[in-house]
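Participant: Dock chains U and A against the given chain Z, drawing on the hints supplied.
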Amino acid sequence: MKIIEIETRRRVEFIEITASVKKAVKESKIKEGICVIFSPHTTAGLLINENADPSVRKDIISQLEKLVPRDGRYSHLEGNADAHIKSSLLGNSLNLIIHEGELILGTWQGIYFCEFDGPRKRKVYLKLISD
Amino acid sequence: MKIIEIETRRRVEFIEITASVKKAVKESKIKEGICVIFSPHTTAGLLINENADPSVRKDIISQLEKLVPRDGRYSHLEGNADAHIKSSLLGNSLNLIIHEGELILGTWQGIYFCEFDGPRKRKVYLKLISD
Amino acid sequence: MKIIEIETRRRVEFIEITASVKKAVKESKIKEGICVIFSPHTTAGLLINENADPSVRKDIISQLEKLVPRDGRYSHLEGNADAHIKSSLLGNSLNLIIHEGELILGTWQGIYFCEFDGPRKRKVYLKLISD
Chain Z
7 MKIIEIETRR RVEFIEITAS VKKAVKESKI KEGICVIFSP HTTAGLLINE NADPSVRKDI
67 ISQLEKLVPR DGRYSHLEGN ADAHIKSSLL GNSLNLIIHE GELILGTWQG IYFCEFDGPR
127 KRKVYLKLIS D
Chain U
7 MKIIEIETRR RVEFIEITAS VKKAVKESKI KEGICVIFSP HTTAGLLINE NADPSVRKDI
67 ISQLEKLVPR DGRYSHLEGN ADAHIKSSLL GNSLNLIIHE GELILGTWQG IYFCEFDGPR
127 KRKVYLKLIS D
Chain A
7 MKIIEIETRR RVEFIEITAS VKKAVKESKI KEGICVIFSP HTTAGLLINE NADPSVRKDI
67 ISQLEKLVPR DGRYSHLEGN ADAHIKSSLL GNSLNLIIHE GELILGTWQG IYFCEFDGPR
127 KRKVYLKLIS D
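Protein chains in written order, with the numbering used here: chain Z, 7 to 137; chain U, 7 to 137; chain A, 7 to 137.
Any given hint could turn out to be false.
Unchecked claim - Taking lysine-lysine and the DSSO-like style, the derived pairs with C-alpha atoms no more than 30 Å apart in a straight line are: (1) Z/Lys37 to A/Lys72; (2) A/Lys72 to A/Lys28; (3) U/Lys28 to A/Lys37; (4) A/Lys35 to U/Lys8; (5) U/Lys129 to Z/Lys127; (6) A/Lys35 to U/Lys32; (7) A/Lys35 to A/Lys64; (8) A/Lys129 to A/Lys37; (9) U/Lys35 to A/Lys129; (10) Z/Lys64 to U/Lys29; (11) Z/Lys129 to U/Lys127; (12) Z/Lys32 to A/Lys64; (13) A/Lys72 to U/Lys72; (14) Z/Lys8 to U/Lys35; (15) U/Lys35 to A/Lys35; (16) Z/Lys8 to A/Lys8; (17) Z/Lys32 to A/Lys72; (18) U/Lys28 to Z/Lys8; (19) U/Lys64 to A/Lys72; (20) Z/Lys127 to U/Lys64; (21) A/Lys8 to A/Lys72; (22) A/Lys28 to U/Lys129; (23) Z/Lys35 to A/Lys72; (24) Z/Lys37 to A/Lys28; (25) Z/Lys129 to U/Lys29; (26) A/Lys64 to Z/Lys37; (27) Z/Lys37 to A/Lys32.
If you're looking for bench data, these hints aren't it; they were derived computationally from the structure.
Same shape as in the complex, but just chain Z (with noise of 0.2 Å):
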């Protein structure tokens, strides 16, 4: 198991973890198998998305917070109701395939660890299988 560590510094920020994924890929030197990605946080979540123009990911954030407000009326009386409700709509793990010893991911497809709750120290474990 390999564990990417993330600091967020907002209470909504949306960071990308592509390369370390990348790079986790390319050290276990399976060459066709697959990758989960896992997030032990319940006010995070994990999202593959667009990694080109940055108002997508501005967009999903916003449209999740109309959804969700973050001053909505919860029974949760820490004040991040929102976030968790966040996180169950995103999810907490992805699953990736590894195909000739590289990730599948498509030519605008990014990995991001999304805080819903932040600042905080989080971190993402990852297991690869080789088929």
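Facilitator: Coordinates of chains U and A only, in the frame set by chain Z:
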């Protein structure tokens, strides 16, 4: 393949299955690998989120109800269109990592079967893969 | 790795790929394992849901449109910000279990490629792992 049997008692209910999944991992004797959890139902979902304060689950359920009201106007005439949509938003499979013979979960994470159209008898399938 | 080629004909459309995935599982001759499905696109998603009454798909599409309207106010100026957000909500990978040589699916489950910015030529990658 292992099967976890679940009996839900309400229309909407999140039932924790963490202990059953951990038991399956222990019994498998796999030291390093992954655990795939799959729900074969179209009106339920699977979720990993907070296992401490139950108000978090209440908030997730009630925000999903705001976003996808049970009594909205839908084409599907069985009265459970909202359950299909909620299931689509959460998803029906999960990936977990097994490391040093243990299922990896964050301190505050529990694994939940999310019933949206109960009460019913349900099941969840597990497949453990060694690396 | 197997590739499924898909040609979408509308802007928004859910195309069933269950038969192609089942074929790939049969051809692999894997008896026990998992099947990872990955979409390399940022304006499409993957979903497992009801394969019987097509009104369920219609309801999922129209509720997603209510939550993330095509003509909302977004920063991304290519006119498809909604498609990126819908893709993020559904996700772009799936996990399935292979047991006794068969892909495990519930009676009412079908596997769908969810186009949100078509018509386009798309593809989906499959990786089958034996346990």
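Participant: Confirm or reject each hint.
Facilitator: Structure-based check of each hint:
1. Between Z/Lys37 and A/Lys72 the CA atoms are separated by roughly 43 Å; this puts the pair beyond 30 Å, and the hint is violated.
2. Proximity of A/Lys72 to A/Lys28 is assessed by CA-CA distance (about 33 Å); at most 30 Å being required, the pair is judged violated.
3. For the given pair, U/Lys28 sits about 24 Å from A/Lys37 by alpha-carbon distance, which is consistent with the 30 Å threshold.
4. Annotation: proposed proximity of A/Lys35 to U/Lys8 holds, straight-line Cα distance about 21 Å (limit 30 Å).
5. At most 30 Å may separate the alpha-carbon atoms for a hinted pair to count; U/Lys129 and Z/Lys127 exceed this at roughly 36 Å.
6. The hinted pair formed by A/Lys35 and U/Lys32 meets the criterion: a straight-line CA distance of about 28 Å does not exceed 30 Å.
7. Using a Cα cut-off of 30 Å, the hinted pair A/Lys35 and A/Lys64 is violated, with the two alpha carbons roughly 35 Å apart.
8. For the hint linking A/Lys129 to A/Lys37, the alpha-carbon distance of about 26 Å falls within 30 Å, and the restraint holds.
9. Between U/Lys35 and A/Lys129, the direct Cα distance comes to roughly 37 Å. Violation of the 30 Å bound is thereby established for this hinted pair.
10. This hinted pair does not check out: Z/Lys64 and U/Lys29 have alpha carbons roughly 41 Å apart, beyond 30 Å.
11. Between Z/Lys129 and U/Lys127, the direct Cα distance comes to roughly 37 Å. Violation of the 30 Å bound is thereby established for this hinted pair.
12. At roughly 42 Å between alpha-carbon atoms, Z/Lys32 and A/Lys64 are farther apart than 30 Å, so this suggested pair is violated.
13. Our distance criterion of 30 Å between C-alpha atoms is met by A/Lys72 and U/Lys72, whose separation comes to about 12 Å.
14. Using a Cα cut-off of 30 Å, the hinted pair Z/Lys8 and U/Lys35 holds, with the two alpha carbons roughly 21 Å apart.
15. Taken as a hint, the U/Lys35 and A/Lys35 pair is honoured in the structure, with Cα atoms around 26 Å apart against an allowance of 30 Å.
16. With a C-alpha separation of about 27 Å, the suggested pairing of Z/Lys8 with A/Lys8 holds against the 30 Å cut-off.
17. Between Z/Lys32 and A/Lys72 the CA atoms are separated by roughly 42 Å; this puts the pair beyond 30 Å, and the hint is violated.
18. Between the alpha carbons of U/Lys28 and Z/Lys8 the distance comes to roughly 21 Å, so the proposed pair stays at or under 30 Å and holds.
19. Between U/Lys64 and A/Lys72 the CA atoms are separated by roughly 23 Å; this keeps the pair inside 30 Å, and the hint holds.
20. For the given pair, Z/Lys127 sits about 27 Å from U/Lys64 by alpha-carbon distance, which is consistent with the 30 Å threshold.
21. For the proposed pair A/Lys8 and A/Lys72, the alpha carbon gap of about 35 Å is over 30 Å, so the pair is violated.
22. Between A/Lys28 and U/Lys129, the direct Cα distance comes to roughly 22 Å. Compliance with the 30 Å bound is thereby established for this hinted pair.
23. Straight-line distance between C-alpha atoms of Z/Lys35 and A/Lys72 comes to about 45 Å, which puts the hinted pair past the 30 Å bound.
24. With a CA separation close to 24 Å, the supplied pair Z/Lys37 and A/Lys28 stays within the 30 Å bound.
25. Using a Cα cut-off of 30 Å, the hinted pair Z/Lys129 and U/Lys29 holds, with the two alpha carbons roughly 25 Å apart.
26. Using a Cα cut-off of 30 Å, the hinted pair A/Lys64 and Z/Lys37 is violated, with the two alpha carbons roughly 40 Å apart.
27. Of the pairs offered as hints, the one joining Z/Lys37 and A/Lys32 holds, with about 23 Å between alpha carbons and a cut-off of 30 Å not exceeded.
Hint violations for this structure: numbers 1, 2, 5, 7, 9, 10, 11, 12, 17, 21, 23, 26, all remaining hints satisfied.
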